[in-house]
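Colleague: One-letter residues, chain by chain:
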Amino acid sequence: MDQSHIRNFSIIAHIDHGKSTLADRILQLTGAVSERDMQAQMLDSMDLERERGITIKAQAVRVLYTADDGETYQLNLIDTPGHVDFAYEVSRSLAACEGALLVVDASQGIEAQTLANAYLAIEGDLELVPVLNKIDLPAADPELHSRALSDLIGDDPENVLRISAKTGVGVKEVLEAVVTRMPPPRGILDAPARALVFDSVYDQYRGVVAFVRVVDGELKARTTLRAMATGSNFDAEEIGVMSPVMTPIGHLSAGESGYIVTGLKSLNELRVGDTITLAQAPATEALPGYREVKPMVFCGLFPVDSDEYPDLRDALEKLSLNDASLVWEPETSQALGFGFRCGFLGLLHMDIIRERLEREYDLDLITTTPNVEYQVTTTAGVVTEVRSPVDLPSPNHIEQIEEPYVRCTMLVPQDGVGAVMGLCQERRGQFVTMTPIENRQQVVYDMPLAEIVLDFYDQLKSRTRGYASLDYEMIDGRVSPLVKLDILLAGEPVDALSMIVHRDSAYARGKGLVDRLKETIPRQMFEVPVQAAIGGKIIARETVKAKRKDVLAKCYGGDISRKRKLLEKQKEGKKRMKHVGNVEVPQEAFLAVLQLDGDSQ
Amino acid sequence: MTGGDPAGVAHLYVHLPFCASRCGYCAFVVEVGREDARDAYLDALIAELHREAHVVGPFETVYLGGGTPSLMGAERLARLLAEIGPLLAPGAEVSMEANPETVTEDLLAALAEGGVTRLSLGVQSSHTPLLGILDRRATPDDAVRAVELARASGIPMLSVDFILAVPGQSPADLAADLEWIAAAGADHVSWYELEFKEGSAIARGDMVPADEDLAADLYLQAVEGLEGLGYRWYELANFARAGAECRHSLAYWGARDYLGIGVGAVSTIGDERRRNAPGLDRYMAALDAGDTPPRTRETLDADTRRRERWMLGTRVDDDFDTAWAGPPDHPAALARMQAQGLLETGPGTVRLTRRGRLLQNAVMQQLMDFA
Numbered sequence: 001m002d003q004s005h006i007r008n009f010s011i012i013a014h015i016d017h018g019k020s021t022l023a024d025r026i027l028q029l030t031g032a033v034s035e036r037d038m039q040a041q042m043l044d045s046m047d048l049e050r051e052r053g054i055t056i057k058a059q060a061v062r063v064l065y066t067a068d069d070g071e072t073y074q075l076n077l078i079d080t081p082g083h084v085d086f087a088y089e090v091s092r093s094l095a096a097c098e099g100a101l102l103v104v105d106a107s108q109g110i111e112a113q114t115l116a117n118a119y120l121a122i123e124g125d126l127e128l129v130p131v132l133n134k135i136d137l138p139a140a141d142p143e144l145h146s147r148a149l150s151d152l153i154g155d156d157p158e159n160v161l162r163i164s165a166k167t168g169v170g171v172k173e174v175l176e177a178v179v180t181r182m183p184p185p186r187g188i189l190d191a192p193a194r195a196l197v198f199d200s201v202y203d204q205y206r207g208v209v210a211f212v213r214v215v216d217g218e219l220k221a222r223t224t225l226r227a228m229a230t231g232s233n234f235d236a237e238e239i240g241v242m243s244p245v246m247t248p249i250g251h252l253s254a255g256e257s258g259y260i261v262t263g264l265k266s267l268n269e270l271r272v273g274d275t276i277t278l279a280q281a282p283a284t285e286a287l288p289g290y291r292e293v294k295p296m297v298f299c300g301l302f303p304v305d306s307d308e309y310p311d312l313r314d315a316l317e318k319l320s321l322n323d324a325s326l327v328w329e330p331e332t333s334q335a336l337g338f339g340f341r342c343g344f345l346g347l348l349h350m351d352i353i354r355e356r357l358e359r360e361y362d363l364d365l366i367t368t369t370p371n372v373e374y375q376v377t378t379t380a381g382v383v384t385e386v387r388s389p390v391d392l393p394s395p396n397h398i399e400q401i402e403e404p405y406v407r408c409t410m411l412v413p414q415d416g417v418g419a420v421m422g423l424c425q426e427r428r429g430q431f432v433t434m435t436p437i438e439n440r441q442q443v444v445y446d447m448p449l450a451e452i453v454l455d456f457y458d459q460l461k462s463r464t465r466g467y468a469s470l471d472y473e474m475i476d477g478r479v480s481p482l483v484k485l486d487i488l489l490a491g492e493p494v495d496a497l498s499m500i501v502h503r504d505s506a507y508a509r510g511k512g513l514v515d516r517l518k519e520t521i522p523r524q525m526f527e528v529p530v531q532a533a534i535g536g537k538i539i540a541r542e543t544v545k546a547k548r549k550d551v552l553a554k555c556y557g558g559d560i561s562r563k564r565k566l567l568e569k570q571k572e573g574k575k576r577m578k579h580v581g582n583v584e585v586p587q588e589a590f591l592a593v594l595q596l597d598g599d600s601q
Numbered sequence: 602m603t604g605g606d607p608a609g610v611a612h613l614y615v616h617l618p619f620c621a622s623r624c625g626y627c628a629f630v631v632e633v634g635r636e637d638a639r640d641a642y643l644d645a646l647i648a649e650l651h652r653e654a655h656v657v658g659p660f661e662t663v664y665l666g667g668g669t670p671s672l673m674g675a676e677r678l679a680r681l682l683a684e685i686g687p688l689l690a691p692g693a694e695v696s697m698e699a700n701p702e703t704v705t706e707d708l709l710a711a712l713a714e715g716g717v718t719r720l721s722l723g724v725q726s727s728h729t730p731l732l733g734i735l736d737r738r739a740t741p742d743d744a745v746r747a748v749e750l751a752r753a754s755g756i757p758m759l760s761v762d763f764i765l766a767v768p769g770q771s772p773a774d775l776a777a778d779l780e781w782i783a784a785a786g787a788d789h790v791s792w793y794e795l796e797f798k799e800g801s802a803i804a805r806g807d808m809v810p811a812d813e814d815l816a817a818d819l820y821l822q823a824v825e826g827l828e829g830l831g832y833r834w835y836e837l838a839n840f841a842r843a844g845a846e847c848r849h850s851l852a853y854w855g856a857r858d859y860l861g862i863g864v865g866a867v868s869t870i871g872d873e874r875r876r877n878a879p880g881l882d883r884y885m886a887a888l889d890a891g892d893t894p895p896r897t898r899e900t901l902d903a904d905t906r907r908r909e910r911w912m913l914g915t916r917v918d919d920d921f922d923t924a925w926a927g928p929p930d931h932p933a934a935l936a937r938m939q940a941q942g943l944l945e946t947g948p949g950t951v952r953l954t955r956r957g958r959l960l961q962n963a964v965m966q967q968l969m970d971f972a
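As you go down the protein sequences, you meet chains H and E in turn.
Last residue of the first sequence? That's 601 in my numbering, and every number before it is there in order.
Last residue of the second sequence? That's 972 in my numbering, and every number before it is there in order.
Here chain H stands alone, though its shape is the one from the complex (with noise of 0.2 angstroms):
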C-alpha cells in the first residue's frame, strides 16, 4: 500500500488504564475480529500477563480501516510492554511508530510509567494524541486530567479525546485522529531494504518470529535476509501480518509491519533493536538505537528439593527460548546445594520468572536476596564484575567498589510528598528535582539500584496508599562504601543469606537479619548462636535457644497410631529443611531476607 495510506502507532498507557480494551474495541471496530470471536483482550497472549494486566511482549496488529475522507488505511497497531523492566523493548516499539495513542485513566490521571514513555515517544519525534479514558466512571475528572494531558505534550486541552473503550464511546474518533494527526511514514521504496526488529518470539515449531516494521526498501518471502548486528543470515520462510492472527502475504514494503518466520533456532541470533536487510544487496548503515540488553537484577534460585534440579534446568532453558534477556548459570551453595545464579532486566521480570518457574514448570524454588551488578576494583588495579555476595573479594584486596545508580521519577499524590521523600532519603537517594502536574508532584531523585530491587516498589505504595508511581532509568555508576555482610549459624557462614550492604545501614540490615532468622529457625536440640558479620568482626548476634521439651501427650492404646503419624508428619516437615552444618533451617529464614520492614522504619 502506498504509505501515505499506511499508519504505524502504539499505545501507550499505564498498567490498568485500559490500553487492551481500547486495543480490543479497534479491533472490533475495523472489522478484524467478530464480536463472538473476541476472546477479552486479545493482545496478551499469555494467562499470567492477563492475570497481572500486563504485556511482557509486543506485537503488531494490521487492520484496515475506511475513514471519514471515504479512503481506506492501513493501520498497524504496534503494542508496547507495560512496565519499567522492559524500557528498551518499549523504546524499539515506539521506533517503529510515527505516532502514538498517550491514553490515561479519567479518573487516575498520569502514572510515571506513562510519563517517562511520553518522554520517550516525544525524544522520538512521535505525533501524540491524548486520550483520556474511562470517561464512563463516577470518579472520573476529565477537566483535571485534560489539562495535566495537555501540558505533558504542549498541546490545546480541547484535542484530548474522551472515550470510554468499555462502552466504545469515542472509539471511532480515535482511528480519525490516527489517520488525521498521525503522519504517514516516509521510507524510501527504492533504497536497500532497512526493517527494524521491534521484537522476536520461539515458535518451537517455526523457530524465531521476528516482528519488523520495513523503514526501506522492500522484503520477500524465500530470499536470504541478514540481522546487521549479530550477522546472521537466513531465509525468510514466511512473511506476513497478523489480522489479528498469523497471515502471509509474501512481501512488506517500506512503511508496513509485520512478522518474518526466520527459522532461527535461537532468540540470540536475532536481537531485539537490529536491523534486518537483505543478505545479497545489504544496506550500509544499520538503523539507529541497537544496544545489547542487559540483566540489571541478580539472584540465585534453588530448588527446594535437590532432586529438581535437572529440572529447573530444563525449565531456564525452555524459559530462555522465549526470552534472551534471561541470563542463568550454574551456581554451588554450601547452604542450597545446586542451583542458578539468574540475571533479569529488573524485579518485575525476576518476579514473573520465578513465579513462571513454580506454576507453569510447579518447581518449588528459593530465591536468594537480590543484588545488582557491582564493578570491583581490586587493590591490584584489575575490575571484576560481581554479581553475587560470594564472589565479592574480601575487603583488603578492594579498592573501591561502584555500584550502578538510578534516575527515579516518581509521581505522588501531594500528601504523600513527605513519605516518599523521607523513603528516598532512607534508601540513600539524591534529591534532583520536585515539580508540579496537577494536583500531584513529580519527584525525581537518583538512587541506589540495590536500594530498590527490595521492596522499594512495596514500600514507596504502602506509604502512598497505593498512589504513587515509579519508573527509573540507568544513568550511571558511583562509588560507595559497601561492605559484605555474611550471616552465621552456629558459627558457620551461610552463603545463601550473604548480601552486599552500604556501610551505614550494615549494623540496621544485621540487626534486623538476625532478629528476624530467631523468629524464623525453630529451636533445636542445641542452641544456635545466629550472628551477622563483617569480615570478620560480629556486628549482631541472637540466639535461638536450645530445644527444651516436645508435647507432653498422653499415649494409650487409642493414641498409638496418632501418635505415630504426628511422627511421620513432622519428619515430613524436615524434608523441607535445609541444613547447614547441624542446623535445619526452614526455607522461610531463606525470605527473612527479602523482608526489610522493620529495618528502615
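Keep in mind that the hints were calculated from the coordinates and are not lab data.
Watch out, some of these pointers could steer you wrong.
According to the in silico footprint, chain H covers these stretches of chain E (three or more CB under 8 angstroms from chain H) [claimed, not checked]:
| # | stretch |
| --- | --- |
| 1 | 865–873 |
| 2 | 949–962 |
No farther apart than 25 angstroms at their CA atoms in a straight line, the calculated lysine-lysine pairs in the PhoX-like style are these [stated by the list, open to error]:
| # | chain 1 | residue 1 | chain 2 | residue 2 |
| --- | --- | --- | --- | --- |
| 3 | H | K563 | H | K575 |
| 4 | H | K575 | E | K798 |
| 5 | E | K798 | H | K563 |
| 6 | E | K798 | H | K571 |
We put the CB at the ideal spot given by N, CA and C, even for glycine.
Following the hints, position chain E against chain H.
Modeller: Quick look at chain E alone, frame taken from chain H:
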C-alpha cells in the same frame, strides 16, 4: 514377642462414651445427652466381648475408660464387671476412670464389689478458674469429697489426673496442685500437658498454647515436686509410689497386644490394629444384628512395629531392650545423642536421660525414619 500372645490377649480396654458435656480440650469419641442408650450400649459391649472370646486369655489388666465411665451408674457397671470377672487372671488390675462430681458412695461400693482395684479421678486442676478454661464440671471441693469417698470405699489404688500448661496457669497454681496431691495422698498421678488437638473446641478458639519455656518450667516443677513427695517419674507423663504403676498402661508402652471394645475403641492384636468406628447407633445396631461393629483396620508391618516399640518403650524410665525392639534406623544417632546428654546406652539397652525425656519426639526423629 511377635504376633499375638499365644496365651490370648491379656489386656482389655472398655470404652464407656457417655458424658454430661464435652470438655474444651476433648477430641475423643464421646456421647453427650444419650443416657437413654446406656442399657442398649451395655448389651452391645457384652456382645462384642463375647464375639472376641476366642482371642482373649485371662486378663491381667482391664481399664474402663471414657467418656465418663462413672455416668453408667452403679447397676450397669456391676453388670459389666460381672461379665468381665470370670475372664480375669488372679491378681488382675481393674481400673476405672471417674469424674469427681459423679462419684457417690453407692457407685464406689458397686465398683469395689465388682473387683475394681484402681480408681482414676479426673481432677485436672485444683484451681477453679483453670477448671473453667478446661470446661470441667467438677469443683475443687467435689474432688476432695471424691478422694475421701474413694479412700473409704476399699478400692486399693487411687490415681489422679492433672493437666498442665493450661493458658494462664502460673507456677503458683501448679504448686497448689502439688499441695492438693500431697493432701489427697494419691498412689499415682498422671500429669499431661494440655494438647491443642485437632477437633477439640480449644483448638478452634482464640486460646494459644503456653510458651515452650513456661511449659517446660511447669513440667519440671511438677516432676521435681512429685519426686519430692516420693513419686517416681516412671513414664513421660506418669508418676507412681513404689508398686503403684499402672500395669495396664505399661502394657501399651511395652507394645503388648490389647483388646479394645466399645464405640471408637482400638485394638492391637499381632500385626493388626483396628479401630471401631465412631457412631453409637451404628455400633449398637451392628452388634444387635449379630455382626462385627463397623471398624477400620491397619496392618502393622515389621518396620512400623519396630518404630512403635521405640516410640512407646522409651517413654518408660527403664532399660529399653534394643534386641527385643530391633535396631533403630540410624544407630549412629545413639552415640551422638549420648554425647548431647539425651540418652544413656548400656549393653543392649537404651534409657533416656531426664533432659531426653522432655525431648522424646526429637530423639525419635533422630533415631527413626517415621514414614
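Colleague: So, against the hints stated earlier in the document, which numbers end up violated here?
Modeller: none
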